[in-house]
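Visitor: Could you build all of it, start to finish, from the sequences and the hints given here?
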Amino acid sequence: MEGPKKAKLSQRAAERLLDMIAEEHRYETGGKLPNENELSELLGVSRTTLREAISFLVAQGVLEIRRGKGTFVARELPRFPVDMTALTDLRSRTRARDLFEMRLIFEPATVALACQRASDEELDQIRRKAERMEQIAAAGGDWPAADQDFHLSIIRASHNEYMRRLYPIINDAVSEIMQISENQKHMQETAVADNRLIVDFLLRRDDVGARYAMSIHMKHLIQTLRV
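UniProt numbering puts the first residue of the sequence shown at 1, with every later residue one more than the last.
It is possible that part of the hints are untrue.
[Said to hold, decoys possible] Lysine-lysine pairs mimicking BS3-like chemistry, simulated, CA-CA at most 30 Å apart:
id : residue 1 : residue 2
1  : K8        : K69
2  : K185      : K8
3  : K219      : K185
4  : K32       : K8
5  : K69       : K32
[To be verified] Simulated restraints, written as ranges between beta carbons of each label pair:
id : residue 1 : residue 2 : range
6  : N35       : D142      : 13 to 23 Å
7  : R132      : G70       : 35 to 45 Å
8  : D19       : I216      : 17 to 27 Å
9  : E131      : P78       : 29 to 39 Å
10 : R47       : M102      : 24 to 34 Å
Note that these hints are calculated values from the structure, not bench results.
Yeah, the Cβ is synthetic: ideal placement off N, Cα and C, and Gly gets one too.
Guide: What follows is the structure, encoded as structure tokens:
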């Protein structure tokens, strides 16, 4: 029961935040939003729920996250209606296979772009994210969140704006499936091993190898999650 309830809270938070921007003009286009603590208190939701709402609005082109600076309202809001039902629909387990098949198409291409476009600094950051994920996993911490951070760093290093926008909504939905998996230990071990291989190819800027490694990783997840 927690999944649908959490999704509904995220949807309501996203709707409320959108109203503050588009209807009430509390936050102007191009302007910075309050920090996470202040905004979660204002909306009456947890920071986790707030992050999901923000991720959705980022994917819809309403918000922008600028690394080291915060979350900003887009300089130009989308002209099409924002579909809030996507936030809940994507969390249906019956759509899990479709989501992973999308990732199977999406992420190998993204990691190949990262090999070609990432700066040396960005590649080093990806390596550090992978190492941090391993450390958190070994300590019994929230390794799925660290793993998501690792994948997000690859998306950013691809320097493709639309890939960056699409990733959060797909990733949040996949996260719901990962949380209820009965194969957590095996999934963790698989992710650690696969991430090492992905990083190895990235550091060598081997886009063919990196694409293959990411494809294998996605297939491993599909098999482990049995979706």
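Visitor: Each hint should be assessed against the structure and marked as holding or not.
Guide: Going through the hints against the structure:
For a cut-off of 30 Å, the pair hint linking K8 to K69 stands: about 29 Å separates their Cα positions. A threshold of 30 Å between alpha carbons decides the hint, and for K185 with K8 the separation of about 29 Å falls inside it, so the pair holds. Between K219 and K185 the alpha-carbon distance is near 17 Å, which keeps this suggested pair within the 30 Å criterion. In summary, the hint linking K32 to K8 is supported, as the alpha carbons are separated by about 25 Å, within the 30 Å threshold.
Taking the CA atoms of K69 and K32, the gap is near 9 Å; set against the 30 Å cutoff, the hint holds. Checked against the hint of 13 to 23 Å, the C-beta distance between N35 and D142 comes to roughly 21 Å, which is consistent with it. For the hinted restraint 35 to 45 Å between R132 and G70, the CB-CB distance of approximately 22 Å leaves it violated. A beta carbon spacing of about 44 Å between D19 and I216 contradicts the range 17 to 27 Å that was offered as a hint.
In this structure, E131 and P78 meet the distance hint of 29 to 39 Å, their C-beta atoms being roughly 37 Å apart. With their beta carbons about 27 Å apart, R47 and M102 fall inside the hinted range of 24 to 34 Å.
When each numbered hint is compared with the structure, violations occur for hints 7, 8.
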